[in-house]
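Visitor: All chains should be built: construct the whole structure from the sequences, respecting the hints.
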Amino acid sequence: LKGQITLKDLLTKINNTATQKFGAQYAEARAQKLYKTALTLKEERVEAAKQGIENGVAIRVLVNGAWGFASVGSLDSVILEGAVSDACRMAKLASARLKTPIKLAAVKVVEDRVLSKPKKNPADIQMEEKIKTALGVNKASLGFDKRIKSCSVDYFDLTGSSFFVSSEGSSIEQDKLYVWARITASAQNEGIFTFSKEEIGSTKGYELFDEQTSEALGEKVAKRAIEQLNAKSPRGGKFPVVLGPSVVGVFVHEAFGHLAEADLALSGGVLANNFGKKIGSNLVTFYDDGTIEGAFGTFKYDDEGVPSHKTLLIKDGVVSGLMHNRETAQKFNAEPTGNARAEDFRVEPIIRMRCTYMAPRDQTFEELIEDVKSGYYFKSFRGGQANLDGTFQVGIQEGYEIENGEIGAPVRNASISGNTLETLHQVSGVGKDFLLDPGRCGKGQTAFISDGGPHIRISKVVVGGSA
Amino acid sequence: VAVLEKNTMISLAENAVKAALNMGAVEAEAYVYEGQASNIGIELGQISKTNRIIDRGLGIRVVANKAIGFAYTNIVEAAEAVEKPVASALSAARVSKPDPDWNGLPQKKPYANTAKTFDKKIVALSSEDLVQIAATMLDAAGQVDKRVFPIEGGVGSGYISTAIANSNGITGFDKGTVIECSVATLAKENNTVTPVCFEFNAARNYDLDPAWVGKQAAKMAVSALKTKPVETKSGKVILTQFALQELLAYTLINAIRADSVQRDQSPFKGKLGEKVASENLTIYDDGLFVGGLRTGAFDGEGVPHQKTAVIEKGVLRNFLYDNYSAKKDGKESTGNASRAGYLSTPGIDTTNFHIMPGNKSSGEMLSEVDDGLIVYYLQGAHSSNPVSGEFSVVATPAWKIKNGEITHCSRGVMLAGNIFELVKNISVVGDNERQMGQLISPWLQVENVRVIGQ
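As they're listed, the protein sequences go chains A and B. Numbered according to the numbering used here, the first sequence spans residues -10 to 456. Numbered according to the numbering used here, the second sequence spans residues 105 to 558.
The set of hints was computed from the structure by calculation and includes no laboratory data. This one's a predicted model, so the numbers in the text were calculated from it and none came from an experiment. Where hints are given, some of them may not hold.
[What the hints assert, rightly or not] Within a straight-line C-alpha distance of at most 30 Å, the following computed DSSO-like cross-link-like pairs (lysine-lysine) qualify:
#: 1; chain 1: A; residue 1: Lys25; chain 2: B; residue 2: Lys373
#: 2; chain 1: B; residue 1: Lys337; chain 2: A; residue 2: Lys25
#: 3; chain 1: A; residue 1: Lys320; chain 2: A; residue 2: Lys299
#: 4; chain 1: A; residue 1: Lys421; chain 2: A; residue 2: Lys362
#: 5; chain 1: A; residue 1: Lys10; chain 2: A; residue 2: Lys92
#: 6; chain 1: A; residue 1: Lys138; chain 2: B; residue 2: Lys435
#: 7; chain 1: B; residue 1: Lys201; chain 2: A; residue 2: Lys209
#: 8; chain 1: B; residue 1: Lys464; chain 2: B; residue 2: Lys411
#: 9; chain 1: A; residue 1: Lys304; chain 2: B; residue 2: Lys323
#: 10; chain 1: A; residue 1: Lys368; chain 2: A; residue 2: Lys449
#: 11; chain 1: B; residue 1: Lys528; chain 2: A; residue 2: Lys227
#: 12; chain 1: A; residue 1: Lys138; chain 2: A; residue 2: Lys121
#: 13; chain 1: B; residue 1: Lys417; chain 2: B; residue 2: Lys435
#: 14; chain 1: A; residue 1: Lys289; chain 2: A; residue 2: Lys25
#: 15; chain 1: B; residue 1: Lys292; chain 2: A; residue 2: Lys221
#: 16; chain 1: A; residue 1: Lys320; chain 2: B; residue 2: Lys250
#: 17; chain 1: A; residue 1: Lys227; chain 2: B; residue 2: Lys337
#: 18; chain 1: B; residue 1: Lys201; chain 2: A; residue 2: Lys221
#: 19; chain 1: A; residue 1: Lys128; chain 2: B; residue 2: Lys464
#: 20; chain 1: A; residue 1: Lys186; chain 2: B; residue 2: Lys373
#: 21; chain 1: B; residue 1: Lys323; chain 2: A; residue 2: Lys138
#: 22; chain 1: B; residue 1: Lys375; chain 2: A; residue 2: Lys88
#: 23; chain 1: B; residue 1: Lys431; chain 2: A; residue 2: Lys135
#: 24; chain 1: B; residue 1: Lys188; chain 2: A; residue 2: Lys(-3)
#: 25; chain 1: A; residue 1: Lys128; chain 2: B; residue 2: Lys201
#: 26; chain 1: A; residue 1: Lys212; chain 2: B; residue 2: Lys379
#: 27; chain 1: A; residue 1: Lys88; chain 2: B; residue 2: Lys170
#: 28; chain 1: A; residue 1: Lys128; chain 2: B; residue 2: Lys332
#: 29; chain 1: A; residue 1: Lys221; chain 2: A; residue 2: Lys186
#: 30; chain 1: A; residue 1: Lys31; chain 2: B; residue 2: Lys464
#: 31; chain 1: B; residue 1: Lys332; chain 2: B; residue 2: Lys250
#: 32; chain 1: B; residue 1: Lys332; chain 2: B; residue 2: Lys373
#: 33; chain 1: A; residue 1: Lys212; chain 2: A; residue 2: Lys128
#: 34; chain 1: A; residue 1: Lys186; chain 2: A; residue 2: Lys227
#: 35; chain 1: A; residue 1: Lys92; chain 2: B; residue 2: Lys417
Guide: Shown next as structure tokens:
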């Protein structure tokens, strides 16, 4: 086995080849040694207990202002020399047509070793124990009501470490630790089908399952599926809505977060022309924060070796900041924010969110709903998606009517949509509570993120319903 | 790095199976995967990045006492490297819970020949060739209109090979190529930004038209600049392949998977032989479709690919099976076990989901709509209810059709409904078949779709 010193030396040597032999302006090498455990349970059947090893190296070079990237699942120096040669040669070719060569914002050289300190390291928990926990969730859900027809539990944990060495002299070794589970349940009664899901995740450790018991998790998912059996389709049209923290999180992530990723802002996203401008009500303050201890979207250094910040995106309705990598920070003359993330050694780092949320204010839930004559309370989401023109969509898995300031009958399969620049002005109430949910975001690659906020009220938004 | 040869791939798989049996597994199956890809990337209107990715690995599934263990590794160079995942899979199986329904790995069956899945011209393409394709696409997009900005895209060529072996004597090897080019554009005028418009080519053989891709993506963006609202009502909607691919993947396709049916998650349960859709709708799952993006000799368990009737003239004919779900129903696998390379155990998925074409041209379809919408891109389809088939999505954007002509674009239009009602209301099927991921389909016109305007 290669120790840390040898691996650092190996990566340094690769970077030297890029800069000295092939004329790269900049080179970075990332290596990972990761261990994964995964389980899928369906109706108390263990579909497979899985364990995997993934070792590999990613090399990224900047040659004549163009990026070259190569990835190999190997720590062999001969193979790596071949990969760095490929990366430099291809970058040089691509650079021939560049109009605007890529430059990088300066950053401090970092040398660090980041240790994870779990109370319960998932790597030390026996497979039997993990199966027992997942079975507990499965049983609790299926036993909740006989109309629950199916329940899946997907579990995974990831441990190991990642290495980052740059030609500028940075050298970082970080422990990686993720624990995650998704529970889905379906219910059926008299030809009506319903579906419910819940995700939990943490970078702390396996103690996640001490905070939320198997029984509570299983019942929560089952209860939602059962309640929806009596729900009706919402009316389509514009309505006032009150959103729960989990829906607010996805709303912030989709309706604003993606637009505040500097690469998408540069691509022509609607925030490009709105920096420093007021695009929302005074109640709207959003952050993207990579420093919340134990949160699913938290890490100390990003995959360009930049420390993860707490980044203010919008303050009292005014656009205040963007999420950057070193390339976009240079273009905006801003500080890199530590948002450059790569899913694994197979892909290059791109700008991703971390923990994105709305800051709480001072209202109670009762105050938020009391003025709503006819609208909806959307408590839990199923998914969401954004577009650069500011169109967002959030699908709802748990919702209720609000009639004359009171929560009424459940509705199912609603969604909300609108344009960010119009909708943020419609935020007319923000609660004092706060919750952060784990999630996974797709942008070509998957990133582990968190999002959340308090309860909020939006005075007018389009609700998609089939009634 | 040279690709792994057929013999090397097969012996890696066979040796892993042997090792597992020697170490006490009752049954074993090994899947070896190699992928090599080169990509030229477009970002912010210029070719500015490249990548070269080599990914190979081995996944091993073992059975001990009717319990399943799985392990994978991406270190396959040394023979002893294989022993570790085999031991790991076995230890996982030994502590796992036995499955009384487990009824063995699949048996050996002959493979059919596949056509047009490998093209040595793709393997021989140089990075210079790929840069040239990207430049052609980018230039074509730029020449359409000054208001168009190509935000991202690229050109990629890939070689993929798989080998499989199991303790019932299955051994298989297959290799294929793919090439694709794509570009996402938007158009800007004053303070208006259009939604992202996208076009692409993807093929197993070297058959690309990058200039068409660039031009088409740019034209779409320009036509999305001027918008007017549409009213809230139920009406005719033409769904193009982009919209169908999104919508069907999260709704209808779940309902025809045998595991969904067995787990009471499909409204199609008990409806084989019944009329479930418009008689205009015929769908085959065809793992042998000539040049299909998901065509191959065998599935993720080494079962031969085949052509399976799913819906014929509106009548539900078959569900899609892997080995496990088939044995549970006393049937044969339809060759629909799918895997994410070496990283996962098999699960049921479509191969090429082929909606059979009709006889109306796209021009005729448009000209015969007095009042309706045509929808290319959808947003939020993944938030559909995967069991009930209810959806509530945004068309980004939709184009209004009036008296047989496209009149204007409209933003923020929502479509809401239920896929099982929608398939009953398919009134016209186009002849303009196109392949998009797992879907091969023409345009479909649907009546009475709930449209929520602004």
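Visitor: It remains to establish, for every hint, whether it holds in the given structure.
Guide: Against the structure, the hints:
At roughly 36 Å between alpha-carbon atoms, Lys25(A) and Lys373(B) are farther apart than 30 Å, so this suggested pair is violated. For the proposed pair Lys337(B) and Lys25(A), the alpha carbon gap of about 50 Å is over 30 Å, so the pair is violated. Our distance criterion of 30 Å between C-alpha atoms is met by Lys320(A) and Lys299(A), whose separation comes to about 21 Å. Between the alpha carbons of Lys421(A) and Lys362(A) the distance comes to roughly 22 Å, so the proposed pair stays at or under 30 Å and holds.
Among the hinted pairs, Lys10(A) with Lys92(A) is consistent with the structure: their alpha-carbon atoms are about 21 Å apart, no more than 30 Å. Between Lys138(A) and Lys435(B) the alpha-carbon distance is near 23 Å, which keeps this suggested pair within the 30 Å criterion. This hinted pair checks out: Lys201(B) and Lys209(A) have alpha carbons roughly 25 Å apart, not beyond 30 Å. Restraint check: the Cα-Cα separation between Lys464(B) and Lys411(B) comes to about 25 Å, which is no more than 30 Å; the hinted pair holds.
Pair hint Lys304(A) plus Lys323(B) does not hold up; C-alpha atoms about 38 Å apart against a cutoff of 30 Å. Of the pairs offered as hints, the one joining Lys368(A) and Lys449(A) holds, with about 17 Å between alpha carbons and a cut-off of 30 Å not exceeded. For the hint pairing Lys528(B) with Lys227(A), the CA-to-CA distance comes to about 29 Å; that is within 30 Å, so the pair holds. With a C-alpha separation of about 21 Å, the suggested pair Lys138(A) and Lys121(A) falls inside the 30 Å cut-off, and the hint holds.
Taken as a hint, the Lys417(B) and Lys435(B) pair is honoured in the structure, with Cα atoms around 24 Å apart against an allowance of 30 Å. Restraint check: the Cα-Cα separation between Lys289(A) and Lys25(A) comes to about 21 Å, which is no more than 30 Å; the hinted pair holds. Among the hinted pairs, Lys292(B) with Lys221(A) is inconsistent with the structure: their alpha-carbon atoms are about 41 Å apart, more than 30 Å. For the hint linking Lys320(A) to Lys250(B), the alpha-carbon distance of about 23 Å falls within 30 Å, and the restraint holds.
Of the supplied pair hints, the one linking Lys227(A) and Lys337(B) holds, its CA atoms being roughly 14 Å apart against a limit of 30 Å. Annotation: proposed proximity of Lys201(B) to Lys221(A) is violated, straight-line Cα distance about 40 Å (limit 30 Å). Between Lys128(A) and Lys464(B) the alpha-carbon distance is near 52 Å, which puts this suggested pair outside the 30 Å criterion. Note on Lys186(A) and Lys373(B): the hinted pairing holds, with a Cα-Cα distance of about 22 Å set against a maximum of 30 Å.
Note on Lys323(B) and Lys138(A): the hinted pairing is violated, with a Cα-Cα distance of about 48 Å set against a maximum of 30 Å. Restraint check for Lys375(B) and Lys88(A): the C-alpha separation of about 60 Å exceeds 30 Å, so the hint is violated. Our distance criterion of 30 Å between C-alpha atoms is met by Lys431(B) and Lys135(A), whose separation comes to about 26 Å. Our distance criterion of 30 Å between C-alpha atoms is met by Lys188(B) and Lys(-3)(A), whose separation comes to about 25 Å.
Taking the CA atoms of Lys128(A) and Lys201(B), the gap is near 14 Å; set against the 30 Å cutoff, the hint holds. Taken as a hint, the Lys212(A) and Lys379(B) pair is broken in the structure, with Cα atoms around 34 Å apart against an allowance of 30 Å. The straight-line distance between the Cα atoms of Lys88(A) and Lys170(B) is roughly 61 Å, outside the 30 Å bound, and the hint therefore fails. A threshold of 30 Å between alpha carbons decides the hint, and for Lys128(A) with Lys332(B) the separation of about 52 Å lies outside it, so the pair is violated.
Simply put, Lys221(A) and Lys186(A) have alpha-carbon atoms about 19 Å apart, close enough for the 30 Å limit, and the pair holds. Only pairs whose Cα atoms come within 30 Å are accepted, and Lys31(A) paired with Lys464(B) is rejected, the gap being roughly 44 Å. At most 30 Å may separate the alpha-carbon atoms for a hinted pair to count; Lys332(B) and Lys250(B) meet this at roughly 22 Å. The hinted pair formed by Lys332(B) and Lys373(B) fails the criterion: a straight-line CA distance of about 43 Å is larger than 30 Å.
For the hint pairing Lys212(A) with Lys128(A), the CA-to-CA distance comes to about 13 Å; that is within 30 Å, so the pair holds. Restraint check for Lys186(A) and Lys227(A): the C-alpha separation of about 27 Å stays at or below 30 Å, so the hint holds. For the hint pairing Lys92(A) with Lys417(B), the CA-to-CA distance comes to about 58 Å; that exceeds 30 Å, so the pair is violated.
In summary, the numbered hints that this structure violates are 1, 2, 9, 15, 18, 19, 21, 22, 26, 27, 28, 30, 32, 35.
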